[in-house]
Every structure is written in structure tokens, then in C-alpha cells.
Amino acid sequence: MARVVVLGGGVAGHTTATFAAKWLGSQHEVVVVTPNSKWNWIPSNIWVGVGQMTKDEVTFDLAPVYQKAGIEFKQAKAVSINPEGNESSNKPFVTIEYTIAGKAGQTENVEYDYLVNATGPKLNFAATPGLGDANGLGEFTVSVCTADHAVHANDELQKSIEKMKKGQRQKFLIGTGHGMCTCQGAAFEYIFNIEHELRKAGVRDMADMKWISNEAFLGDFGMGGLHMKVGGYVVSSKLFAESLFSERGVDWLIGAHVNKVEAGKAHYELLDGSMGEEDFDFSMLIPPFAGVGLKAYNKTGEDITATVFAPNGFMKVDADYTPKPYAEWKASDWPRTYQNPSYKNMFAAGIAFAPPHIISKPMSSVNGTPINPTPPRTGMPSGIIGKAVAHSVCDLIKNGDKAHLHEASMAEMGAACVASAGKGVFSGTAAAMTVYPVVPDFEKYPGTGRDTDYTFGEIGLAGHWIKHILHYLFIYKAKLNPGWTLIPE
Amino acid sequence: MEKKVVHEELNFQRDDKMNLTMIPGKFARSMRTCLIWQFIRFVIINIKMIIVVGKSH
Ligand SMILES: Cc1cc2nc3c(=O)[nH]c(=O)nc-3n(C[C@H](O)[C@H](O)[C@H](O)COP(=O)(O)OP(=O)(O)OC[C@H]3O[C@@H](n4cnc5c(N)ncnc54)[C@H](O)[C@@H]3O)c2cc1C
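The listed protein sequences correspond, in order, to chains A and B. According to the numbering used here, the first sequence is numbered sequentially starting from -11. According to the numbering used here, the second sequence is numbered sequentially starting from 47.
So that you can see chain B by itself, here it is in the shape it has in the complex:
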């Protein structure tokens, strides 16, 4: 039988605690270091943080 190994999913089997969590797949992981997407997120996070900083002073 041919195995279908999804690397990102292997940690579910490490123990029961990990088995019951959510683990990001390949796409979600790649977006975390995708330069274009992260540049957009950089702008958005900065705006959000500036709003919170503004509300706190």
C-alpha cells in the first residue's frame, strides 16, 4: 500500500494533547513568510497597533 505522508500533519500523532489541536497546513504556513502577503499584513498590523496605542494614551 502506498503511504500518503502529509508532513505538516505528523505532529498530531506525537501525543494526545497535540492530536486535539489545530495545526496549520502547508498554505497557512507558507503565507506566514510570503513576502507580499506579509508586507500587506505589516501595514495592517501597524495600523491596528497605532489605533490601540492611540486609545491607551
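Just chain A, same shape as in the assembly:
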């Protein structure tokens, strides 16, 4: 009997664990270690953050789902990995610390045959002074990265709406809280959902709205932007993003590294080296992401964290990490199997793997401060990678070390993404987009880096309907309801 331990029960980890349990059956063991008792459909946190959904609508209890699937669930966080075992045993293990009430703080060594690290991001609020406290809820700004954060964000938003109703103008500042942030898409959704809600509440004319982001141009989204065919032209996402911001009266500041936040004020540095500050009454700034800080030790207890993890804390996989200039970046730099190069029974899936480099063109201010988005790994790639890793692990268990590893390169896969711009069955809109491939391949597609037959985007009510249907579809799938395997990642 082999034991597969999956760290993290988010999009990637949940996909890996549930498929591995299905394919392996009861002859082998699948264990999930994740600190929260609930699964969260993170994309819908945006709607929690504007009071259009409740926390209960975007989360569900994991325990009954794992029980149904025959998966052992340990509500705990992984702390360290011993991929060679320790002095008394050759069996690799992961040290976990329980978070479940009654056992909180207790540690345990969980042995594994295969380990999948799908721990997602650490929300690194501490990178920008004032951006958040230890609980991440934010001292001066709010966040929508977790369901609890989004509930808090909505509480603050409703206070602002009340003030506007009483005749007090409010300034909204939404975007990224550091020069090295990713997830611009979430901030984009949030600013337009707020704008939509303010119109519904009849107070839009009392609000000044501003976008602040580390993108070098509006519509970069950490993917270097995208080009789409529209009306016989091939057009950059910059044009469409600027159009939407102008249409909805939202001002923008780009190429900005927010370096300090105080009560009602964000300080920033721009690409041209100038420093500035922006006042606000309500602000949601996405924190930068880092790895969750797992440590690794060899058999003798020596710290090998730097061998297993990249400096940003994400796990090294089969990517080409050789530092090279932008002009030499290739699609083939991106990982295909997500296997750790040092320990072949270890994989990383979703946000937890270390990308070889960013996707957008690297930029830094004249003072040398890097100001560029880090690569997004959205839901669809995270799920596809999680499934490919589950496939590989199952084949390794069933067919031995020579088994073929399944591949899912972000330079060969597309992503469908629907960015909400306001919720409402008849009044809602969303930008429905696909990119193919996620990571541009300028060797294969020398013009735009992508296949413009499969890269498109449009805004409208249809996009909103899709976003809303996806909410129910993915929660249905994650609960392993009948036919769940038929719903694609």
C-alpha cells in the first residue's frame, strides 16, 4: 500500500487528492493536510466583498466530502518536509501542526511515498508596512483573498456607502499593494463590482474611484497583456482595459509599487522613480504572494530548504531556472511534469510551484525597484496541473518508477477566465476571456506570442451568466456530486 500526502486543500490540492483517491481506490491511501475546515471557491469572494453573496455560499465543509471519497483529512498545516527521512528511518515524512480545535498546536510526522505540495500562496501582507496585520485583515486596507477577508471588506464598504448617502464623498483606491504582486484580475473584478454596487445604491456620483497597480500598462494582468481579434483588427488588451476604465469613470495609476500604507494614505514609487501618495477612504490592495514558508531537512537534519524551494518559497520543479534576459525567455523554460528535480517522489501543483521567471516584461524603476506583476496561476491551470500530477503519481504507484509522467505546461495550455464587472441576472456584466497559451510562445506565434484564433475577450451579460453558472458548477464538482469527473477543471 502506498501513501500519497497532499499538502493544501485548495483548487490544485483538492483536484489532485480527489482524482488520486478515485484512480487508486482503497488499495492505497490518500491524505490531505490543510489548515481550514472549509473549502472556498475563491473567485466568488469578490461577490462576498460587495455583499452579493454570503460566506456560506462560497464555502463548504471538507470533512464529509473527504469521508465520502475515502480520503484521510488532517486539519493541520505542514511545517517541514524530510524527503530522506531522519536518522532513525529512511521513510520520508512531513511534519504537520494541527489547527483543528482541541488538537491545535500538536505536531505529527506523517510518512509518505509521494508528496504533492499544493499549499498555494502565503498572503505576504508584511512586505508592505501598514498593508495588514498578522491575521491579514488589514489595518488600513481590506482584502478579498479569503472569504473572511471579503466579509470584512463588505462591512467596510457598507460603511462607506452609508457615508455617501449622508452626503460625504468617498475615495476608493483599489489594486495591488506592492510592486511584485500578482492577481490583478481579482482587484479588477473588485473595483468594477464596487462601481456597479455604488450605481445600484444611487451614490456613484459621490465616489471618486482610482485603480493603482504594478502593471506597466493597463490590461497586462501579469500575462504581458493579450491580443484579440476585434472588428477585423488584432487589438491589445490595453485598449479594452482603458476603454472600460474610461467608460465607468475609474481613474488609473500604473507602474506603481505601493511601499507604505497609513490610515487613509498609500505611498508609492513609480517606474520613473518619482514618489507619491494617494489618499483614500476605502482601499482594497492585493498583497504580494510568497511560498507558505515550508522548510526541508535532509537525513542528518541539515537545512536543505534552498535545494527544494526557490528563494520566494515556492517549490522547485522541472522548470529551467537559469537566470536569463527577457529576450531569451522561452516557452520551454516552463515546467511540464511539476516533479521536484532533487526528490522524484515530490511534486508541486498550482501556485505552490516556482515559475522559472515572470511572464510580463520585467520592469524596474530608475531607482532599481522591481515593479512588475509576478505570474498568475489562475483556477483553470491550477486544476489542470493538479489533475496531471494526480495522474503521474497514480501511474508511478501502479507501474513503478519508469511510468510516464503526465505533462501540463502553461506554455501549451490555455485558460478561460471570466472577470466579473458587476453582479445581476439582467444588469450584470463580466469580461469573458480565453488565452491560448497562458505563457506566450513567441517561437510558435511570432506576432503576439499567442494563437489569436483561441485568444479572445468580450464584456457583457453573457459573461456574467457564465461566471454565475461556474460558481455552482465548481462547487458541485468540488463536493464530488454525481458526474463530478465530467466537469472540466
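These are computed hints drawn from the structure, not numbers from a lab. Just so it is clear, the structure is predicted and the values come from calculations on it, not from any experiment.
Interface residues of chain B toward chain A, partial, derived using beta-carbon atoms under 10 Å:
1. F58
2. T67
3. I69
4. W83
5. I86
6. I96
7. I97
8. V98
9. V99
Computed cross-link-like contacts, DSSO-like style, restricted to lysine-lysine with a CA-CA straight-line distance of at most 27 Å:
10. B:K63 with A:K349
11. A:K226 with B:K72
12. A:K159 with B:K63
13. A:K287 with A:K79
14. A:K151 with A:K253
15. A:K217 with B:K94
16. B:K101 with A:K217
17. A:K110 with A:K465
18. B:K101 with A:K318
19. A:K217 with B:K72
20. A:K188 with A:K151
21. A:K110 with A:K43
22. A:K432 with B:K94
23. B:K63 with A:K198
24. B:K72 with A:K188
25. A:K110 with A:K26
26. B:K101 with A:K465
Positions of the beta carbon are idealized from the N, C-alpha and C atoms, including for glycine.
Following the hints, put chain B with the ligand in place on chain A, whose structure we already have.
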């Protein structure tokens, strides 16, 4: 002099950045929430997305 105010065009004057973009007019905006048109787009977008999802697995 009688003014000709086109509501959709007012944001061009908010600042220089906005002045240099394209802003959808009344027709383009109304099509975004026109039920019949959006139902057609819903079908088309779904087909396009299914193709991309199929190519990615
Ligand atoms: C507000 C918001 C909106 C978004 N909207 C979209 C969208 O519309 N479309 C889209 O495609 N993507 C969207 N994304 C991105 C999407 O949520 C991520 O791509 C996806 O969640 C990544 O999956 P993951 O499994 O790598 O990480 P996560 O889903 O974050 O899962 C990581 C898991 O690991 C757990 N964990 C953390 N530390 C440890 C530890 N030490 N040990 C064990 N477990 C640990 C966490 O609790 C979590 O359960 C959005 C993200 C945000 C923040």
C-alpha cells in the same frame, strides 16, 4: 446656443488619459445587456471556451 450633450462621451473630458481611449456608445452598451444578443453570445462564448478547455487537457 443649444448644447448637444452625448452622455456616453462626457468621460472623454475627465482627463487626458481618458480622452485618448475608445468609449462605447449607446448602441454598444445596450447590446451588452440585450437579452437576445447576450443569449447568442452566451452560446458562442461557451463553444469557444469548450474548445480552449479541450485543447488544454
Ligand atoms: C479574490 C480572488 C479572485 C480570484 N478569481 C479568480 C477567477 O475568477 N478565476 C480564476 O481562474 N482564478 C481566480 N483566482 C485565482 C485562484 O483562486 C487561484 O488560481 C487558485 O486558488 C490557486 O489554487 P491553489 O490550489 O494553487 O491555491 P489555493 O486555492 O490558495 O489553495 C492552497 C491551499 O493550501 C492551504 N495551505 C496553506 N498553507 C498550508 C500549509 N502550510 N500546509 C498545508 N496546507 C496549506 C490553504 O489553506 C489552501 O487551502 C482568484 C484569486 C483571488 C484571491
